[in-house]
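With the hints as a guide, bring the two chains together.
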Amino acid sequence: MTDRSTPRRAPRRRPAPAPRGVRARTTTRSGKRDRTGFPYRNRVGRAVMFGALGLAVLQLLSVQLVQAPSLSAEAASQRTTRLVEPATRGTIADRNGNPLAYTMEAKALTFQPVRVRKELEEERAKDPSLPTVPEYLDGVATAIHDALGAAAPKEDLLDLLESDETFVYLARGVDPGVAAEIVDEYDKVGTERQDIRLYPGGSLAANIVGATGWDGHGLIGLEASMDAILAGTDGSSTYDRGSDGAVIPGSWRDRQPAVDGSSVELTIDNDLQYHVQQEVQRAKELSGARSASAVVLDALTGEVLAMSNDGTFDPSIGVANNPPDAEMGNLAVSSPFEPGSVNKIITAAAAIEDGLTTPDEVLQVPGSITMAGATVKDAWDHGVVPYTTTGVFGKSSNVGTLMLAQRIGEDRFAQMLDLFGLGQRTEVGLPGESAGLLPSREQWSGGTFANLPIGQGLSMTLLQMTAIYQTIANDGERIPPRIVRATIGPDGSRTETPVPDPIRVISPQTAATVRDMFRSVVQDDTGNQRGTGTGAAIEGYQISGKTGTAQQIDPNCKCYSNSEYWITFAGIAPADDPRYVVGIMLDAPTRSSDGSGGQSAAPLFRTIASWLLQRDAVPLSTEPESRLILQID
Amino acid sequence: MTVKVPPSQRRQPGRSTAAQRAYQRRSQRAAQLGLSPTETRGRRLGGGRVRTRIPFVATIIALLGVGMAVTLLLTTRATEDSYELSAARAYNESLTQKRAVLQRDVETGNSAPALALAAARLGMIPAGQVARLVVAEDGSVQVVGDPVPAQGAPPAPLDPPARADARIQTPLAGSPGAESPRPLEDVREDVQEGQPRPRSVGDDGRRAASTVEEGQTPAPEPGATPEGPAPAPAAPVAEQSTIVSELPQPEAPRSIAPGQTVPPEPEDGLR
Chain A
0 MTDRSTPRRA
10 PRRRPAPAPR
20 GVRARTTTRS
30 GKRDRTGFPY
40 RNRVGRAVMF
50 GALGLAVLQL
60 LSVQLVQAPS
70 LSAEAASQRT
80 TRLVEPATRG
90 TIADRNGNPL
100 AYTMEAKALT
110 FQPVRVRKEL
120 EEERAKDPSL
130 PTVPEYLDGV
140 ATAIHDALGA
150 AAPKEDLLDL
160 LESDETFVYL
170 ARGVDPGVAA
180 EIVDEYDKVG
190 TERQDIRLYP
200 GGSLAANIVG
210 ATGWDGHGLI
220 GLEASMDAIL
230 AGTDGSSTYD
240 RGSDGAVIPG
250 SWRDRQPAVD
260 GSSVELTIDN
270 DLQYHVQQEV
280 QRAKELSGAR
290 SASAVVLDAL
300 TGEVLAMSND
310 GTFDPSIGVA
320 NNPPDAEMGN
330 LAVSSPFEPG
340 SVNKIITAAA
350 AIEDGLTTPD
360 EVLQVPGSIT
370 MAGATVKDAW
380 DHGVVPYTTT
390 GVFGKSSNVG
400 TLMLAQRIGE
410 DRFAQMLDLF
420 GLGQRTEVGL
430 PGESAGLLPS
440 REQWSGGTFA
450 NLPIGQGLSM
460 TLLQMTAIYQ
470 TIANDGERIP
480 PRIVRATIGP
490 DGSRTETPVP
500 DPIRVISPQT
510 AATVRDMFRS
520 VVQDDTGNQR
530 GTGTGAAIEG
540 YQISGKTGTA
550 QQIDPNCKCY
560 SNSEYWITFA
570 GIAPADDPRY
580 VVGIMLDAPT
590 RSSDGSGGQS
600 AAPLFRTIAS
610 WLLQRDAVPL
620 STEPESRLIL
630 QID
Chain B
0 MTVKVPPSQR
10 RQPGRSTAAQ
20 RAYQRRSQRA
30 AQLGLSPTET
40 RGRRLGGGRV
50 RTRIPFVATI
60 IALLGVGMAV
70 TLLLTTRATE
80 DSYELSAARA
90 YNESLTQKRA
100 VLQRDVETGN
110 SAPALALAAA
120 RLGMIPAGQV
130 ARLVVAEDGS
140 VQVVGDPVPA
150 QGAPPAPLDP
160 PARADARIQT
170 PLAGSPGAES
180 PRPLEDVRED
190 VQEGQPRPRS
200 VGDDGRRAAS
210 TVEEGQTPAP
220 EPGATPEGPA
230 PAPAAPVAEQ
240 STIVSELPQP
250 EAPRSIAPGQ
260 TVPPEPEDGL
270 R
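Chains as they are written, first to last, in numbering that gives the first Met the number 0: chain A, 0 to 632; chain B, 0 to 270.
One chain only, chain B, in its complex shape (with noise of 0.2 angstroms):
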């Protein structure tokens, strides 16, 4: 679009060119609406017009100002609740750790053989033949079978003894498991040093047989009461750490260090 621009308004001095344009776009826009090029000077084009729009700038100015706040305020916000996020995620994590370790010690004292073992350190020995009694319909009791006290000893620990050279790994007292009263091996000693019938080892390291002493029947050690002094979880359950110096290496050198940046999630996936 080309103005045409009167003689007296070009290249004023002091101005620069792109003023010059400006002002004479003022001046047209002027014409336009019907005033002289005077009442543009000192700023009074429109100027009931410019006070109607004061208020609707203002809100303008307003809503923008409070979509400011709002967006700062959500930013925050949100930067805050992830580092909840990521603090409650890691607890999370260590929780569920604590629990798999609870879980362990449940499974552990509730198996079959470690029950076995926590009944031979109270002295309990198997019924064998048991009599039974049989409740007729008319409320008459019939013994059958002899009943016989007990006798014998405590089972042996099942499992067989490790080699001598073996590698077992003992977890660390005060873990989260640390609740369990004593460790499988400490009653594996007892009843083997304590009671007659151990799952005896020849020199060969073969199994051989072994004796019963009839009618002894074994007192609970003092040491081998829950409370005592070796709060650590239960021993056997951890498994076998590989012999270090035969383990094998990674296939590829890792290079992040442990305190440098590592992807969120899957955790601990690189380090």
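Excised from the complex, chain A in its bound form (with noise of 0.2 angstroms):
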């Protein structure tokens, strides 16, 4: 208030044109007021400033006190810019560090059309050698297209280049060098940060790292199951901007540096991964199934090796560029099937360690066995026929097996199944993991215990089942499998995914008995000795395996089919000393794995463990003393 008054006061040091006591003389003396005079203008002029000067202060106290938030809010809002700075997301990598799945930062290619036309005509009006717009406009279509290829088609981005959009993406995932070369040659388009997802092994274990979305968040698989970890969180920072675009110094506020994403290590063994993929691939095409699976497991620490499914996709080219009958899902976790035979190692388990039998027993088996009402018969037609313990898994006796299965009971059957883990999901990691089908022991029916010893009548997945035989093959000991390592933090800190307390289910020599007589599986022999699934046999190796033929469901007659199997497999290399459990599922094939004739996945089995044994140069068996006896002459 007082700056202003003084310009008032100053002139009143001037000589005053007159006196006071004149002005208002003059004013009383005429007798009537005179509006033309000095003194009349110089009080309506006073009046009129005072006037102005009222509106002012008016005007300056309403935006100055009540308007002063809303107003200093708004231009916040208009200057104040957030800057986000991405988290890179974690790799995921296999039991060697190799990585599966890592991010590089890429750039997504813009374009203001609307703005740079406008500018682009200015700048052609100032100099007329420059190129016309749409010269410019083709110009750089064309660079996008010859450096993107059919990604990125001509006509596409002139559409985009002529829209009347603001803004617009003409690419994203541009390499970081081509996008330099780019922007180089057309300055008028931008870039930006675009993290992209690279998949060095294409389809290499995608049926287990999945994949991310356009979004770089996961999609299908760990990427998606284990987003939280390996995502990340961003970081931003404020500042002002003046209306140039410019920023104002010293606003930079709030800066909260990114957090990358953890990295993942996989217990999967890439090349492993790669030979069990390409191999389950074509046992799938060689023996005509509708899907072929396999897992193999580490037999000592219950680690997965590799799990793989035949016709899986290829996340590198991106998600929806797949055929669409490629296989998104992990079929080896997610799908649970009935096992048929292999399952009988649980009744030979359960037999052996309660000292119910022995291997060398000599059981008169029929061709055919009653139970509560259910009639079980072998797979081929026999009479009575003298096989040993031994025998009866050596050459897959359904009845045998049943007559074994009823000097154990029910109730310890029970028991013995829940100790496998049958019924329960092993948490191995995985998304979308299936816990199979168990009856609960009080939901058994009178047939029930005629078919779970034969492994009909209930379903596993293909991991579950591998786990049975890495019970046996550890020594009675099961620990739960697992596929993630360890994670790795952004600081480089790694944290051991905790070992899961093993479960006993059998003695030490009860399991080395069950693998002693397994063996008999893959003994060959001309004469009565031979075992189901010769094609395992691996040379100087001991193998110890079990067949599995189950019936499937026919949905025409709701009841088991005649000609559809899931054929299985799976096996301990080696028998004496074990290194690796394999397991096998062919979806209804019509022959065998290696296309040859029958129905085994025996030869793949051996393809997978004789390529482990070979590449980690696993001392040869010792010769077993005795051949095995499965029936006696």
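Hints are supplied without guarantee of correctness; some may be wrong.
Unchecked claim - Which bits of chain B does chain A cover? Going by a derived footprint, with three or more residues having C-beta under 8 angstroms, they are: (1) 87 to 100; (2) 106 to 117; (3) 129 to 137; (4) 146 to 158.
Calculated directly from the structure, the hints in this document are not laboratory data.
If you're wondering where the values come from, they're calculated on a predicted model, not measured in any experiment.
Note that the Cβ used here is the ideal one computed from N, Cα and C, for glycine as well.
Listed below in structure tokens is the structure:
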């Protein structure tokens, strides 16, 4: 207020044109008001000035006091800009640190069609040597199309460049070097940081790893289920920006650094995974199966070394670019099936553990057995045959197995199923895991106990099935399988996945006896001592395993089909010093996994196990003392 | 402080009031120093003392001058350094990107499927069942298994063929990763065309069982040599570019044109 009144006071210092009294007298002397005289004008002028001043003061008060908060908020919102600093997504690597999925910084090409076209016109008006707008846009479209190929058709790019949008993305996921070249040539094209997810192995382990969507977050597989660990937290900072876009100095604030995502190390072995994936695909094609899957476990730690199914998609080309029949899931953990004879190992383990039989006991096995009204036959017709206990499993006799199961009893058998982890998720760390279906003891009907010991009437995932054999391989201690070995934080701190508590299922002696007995399955012989899975034998190594053939449900008759089977195989290599456990499932094949006649998955076991034994230079097994006796001649 | 002014010095014509006051103060100072006012005339006031102060003043002026020069120099240096810094940052950024691209090529080339394809290109086939040599303690060697030459075809590529209408980005030739011998796509085609065991695709798009022609040993194609005329980085790793017409719109229109000032860091955040 004072500075405003000062200039008004100042003129008073100068010699006043007339003393105040004189003016007053002049007005009164005239007798009536002089509307043209200076005093009148002076007074009116002063009133107007004071009035204007008053208005200004009122407006000032209103702006500075009443409207101040809302106006300053509005101004702040106009100039405040928040910058997001994206966190880098963690890597998914195999057990040797070879990446299966990692993130690379790439660029998205951006453009502001309306604004840039106007700028180009203005610039050309000043300098006619510059290209015309259509020439420039055509150049941009050509450059991008040449760089990116079919992913960026020139017509689509031109449509975008000539559109009336204020902002468009011309391309995403562009190599930084490529983007820099385009922007160097056409500086009206902008770039924006965009991280791309790379899968160097293509479809290698894609069933496990999964894929991310266009927003960089997980869509399927571990990418989705571990998204919270992998993604990290974006950072941000705030600054003020003038109307010309320049940063107002000193306005940076609220800076939150980005926290990069943690990396995940899997128990998978890339090389083995490749081999298994390749061979599973091949087996599927050669056997004519609907699908094929395989799991390889470390016998002593329960770690998943490889897990594969056929027809896996390729995340490196984008999920949507895969053929419509590509398998996006992970069948080995998500699709339970009836295992068939592979399940007989539980009967064997329980019978040996409880001392109800010995491998050499001779059982007089008839052609069929009736239990609680259900008659079960062997896969081949025969009269009473003197099989040893070893032979019952080596020849996969349903009748012999049920004879042993009767000795075990329903309750003990149910307990063993539970101990082997059936009907429970393994909690391997993969999404979409199925627990399989195991009828609880209370729900058992008369025929249930005639079915379960021979692997019908219950379902399990391939991983569960392989885990049964891991128990036998690991001297009777079941270690629930897992696939995430460790997470590595952005600061390099490594957090190992805790090893699950082992579950003692059978004694080490029982496990060794069962392993030895099940060598009979792969024993070749021209006579009666031949097992059912000779194709799995590997020369120089003792192999223990079991074939399985389970009838599928025929939806037409709602009965067990006599033409479609789940063909399974699970095996331990080497049997005398277990290192690996391999589980295989072929869904309704018409031939064996190597294309030969019959329906057997044993050749696929041999291919996988033989490769592993060779790759890891596993010492040869000692020669077994004698051949196993399956049948008394 | 009021000063008693002699009447003789009052309002001399030709002097402004301010000048008048200055003269008054001078005579006052002269009086305080015990000099006659006349001695102050002709700027002879304290002549000896002024002379003794000259070196001091000169020193101060010199110091100021040096200070300004140093400030100027430092400012110039700082500006120069900031230019160098931003140039170095940009260079560092480009090197980081180059490194990332090279790293990608290494990872891609080092992956099991890429190595298998490279082996297939050389006509290598999986060994299958192998015989093993067991060396006894006495040095004698025992052969376990029958060594038989491996036969058959190189493994088919692992990846499923992409959809026919797929839009898969192929990177620019001459980009930093251009040293990698050939795009995997080309190799895939070689294997599919030149080898007997492709991962076949039936009419309905499903992979059908394929036949193995036993005994056929594939020869590497002339065009499949690494020095083939297609120097481009490995193709399949470039992530799918979203179909352009389906791109989502940005949340808000950006108002900074590419040429305009953008915050120095993090780079590219706004453009």
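Legend entry - Coverage assertion for the region 87 to 100 of chain B with respect to chain A, Cβ distance below 8 angstroms, three residues required: This one holds; 5 residues, not fewer than the three required, reach chain A with a Cβ under 8 angstroms.
Legend entry - 8 angstroms C-beta test of the region 146 to 158 of chain B against chain A, three or more residues: It holds: at least three residues are needed, and the region 146 to 158 of chain B offers 4 whose Cβ sits within less than 8 angstroms of chain A.
Inset, instruction - Apply the coverage criterion to the region 106 to 117 of chain B and chain A: a residue qualifies when its Cβ sits closer than 8 angstroms to a Cβ of the chain, and three qualifying residues are needed. - result: This one holds; 8 residues, not fewer than the three required, reach chain A with a Cβ under 8 angstroms.
Legend entry - Given coverage of the region 129 to 137 of chain B by chain A, checked by CB-CB distance under 8 angstroms (3 or more): Our answer is that it holds, as 4 residues pass the Cβ test (under 8 angstroms) against chain A, meeting three.
The structure shown violates none of the earlier numbered hints.
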